[in-house]
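Novice: Using the numbering used here, the letters of the sequence shown map in sequence onto residues 1 to 191.
Simulated from the structure, these hints should not be mistaken for lab results.
Small disclaimer: the values here were computed from a predicted structure and weren't measured.
Ideal Cβ positions, reconstructed from N, Cα and C, are used throughout, including at glycine.
Just to be clear, a hint being listed does not mean it is correct.
Said to hold, decoys possible - Restricting the straight-line Cα-Cα distance to at most 27 Å, the calculated cross-link-like pairs of lysine-lysine (DSSO-like) are: (1) K78 x K33; (2) K80 x K50; (3) K78 x K50; (4) K54 x K78.
What the hints assert, rightly or not - Pair ranges (Cβ atoms, derived): (5) D136 x K80: 38 to 48 Å; (6) G105 x G12: 27 to 37 Å; (7) I175 x G105: 10 to 20 Å.
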Amino acid sequence: MKYLIAGLGNIGEEYRHTRHNIGFDVADAFVAKHNASFHNDRLAEVAECKWKGKTFIVIKPTTYMNLSGRALKYWMDKEKISIENLLVIMDELALPLDVLRLRPGGSDAGHNGLKSIQESLGSSQYPRLRFGIGNDYPKGRQVDFVLGKWKTTEKPVVEQKINVCCDIIESFASIGLARTMNEFNKMTFPL
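Given these sequences and hints, build the entire structure.
Specialist: Below, the structure written as structure tokens:
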């Protein structure tokens with residue numbers, strides 16, 4: 001069974017380890033946990049991981065966030081992966097930092113990466129894991145906040161959530177979306 005795991009973010013050193021790039025950080029952690037590594041390929045950095053008879057194609061699109069759908073569609077078609085076996089991981093401004101939320105589909109909620117994916121796939125019904133980044137910024141400073149680095153005080157909960165995201169990816173592939181949602185969507189993380 002094959003799964004496509006897509007961590008969303010922007011390429012470039014200036015975006016590295018920012019709130020908006022948490023999808024890349026989760027993808028990096030998952031690939032490292034499974035002793036694999038990324039290589040540059042068409043429209044994405046790509047890694048292949050094997051775990052308990054499952055194959056994970058993990059991508060970090062190199063198209064920038066706003067065109068993430070191009071990379072996802074290409075790799076889904078190339079690897080013949082169904083939409084049910086796709087999991088998109090991204091930042092979520094509307095969720096507090098202590099929350100992760102796994103959903104089977106839904107709106108893009110203004111997230112440009114999700115808009116691009118919906119346009120490319122022709123559907124909003126694909127699994128996504130939203131990583132709450134909070135919204136603790138002054139009025140008019142949303143872009144600076146989203147593209148900013150984590151505060152020192154936030155880093156422990158971010159690391160804990162990244163590790164849980166790796167568990168969620170494995171659970172998604174082993175017990176399915178519904179049971180994984182039931183198990184993990186009740187979690188909050190102490191700040």
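Novice: The structure should be examined with respect to each hint, and the outcome stated for every one.
Specialist: Here is how each hint holds up against the structure:
1. K78 x K33: Holds, at roughly 25 Å.
2. K80 x K50: 17 Å, holds
3. K78 x K50: Distance ~18 Å between K78 and K50 Cα, so the pair holds.
4. K54 x K78: Holds, at about 17 Å.
5. D136 x K80: 38 to 48 Å: 42 Å, holds
6. G105 x G12: 27 to 37 Å: 30 Å Cβ-Cβ, so the 27 to 37 Å window holds.
7. I175 x G105: 10 to 20 Å: 19 Å, holds
Every hint from the earlier list agrees with this structure, and none is contradicted.
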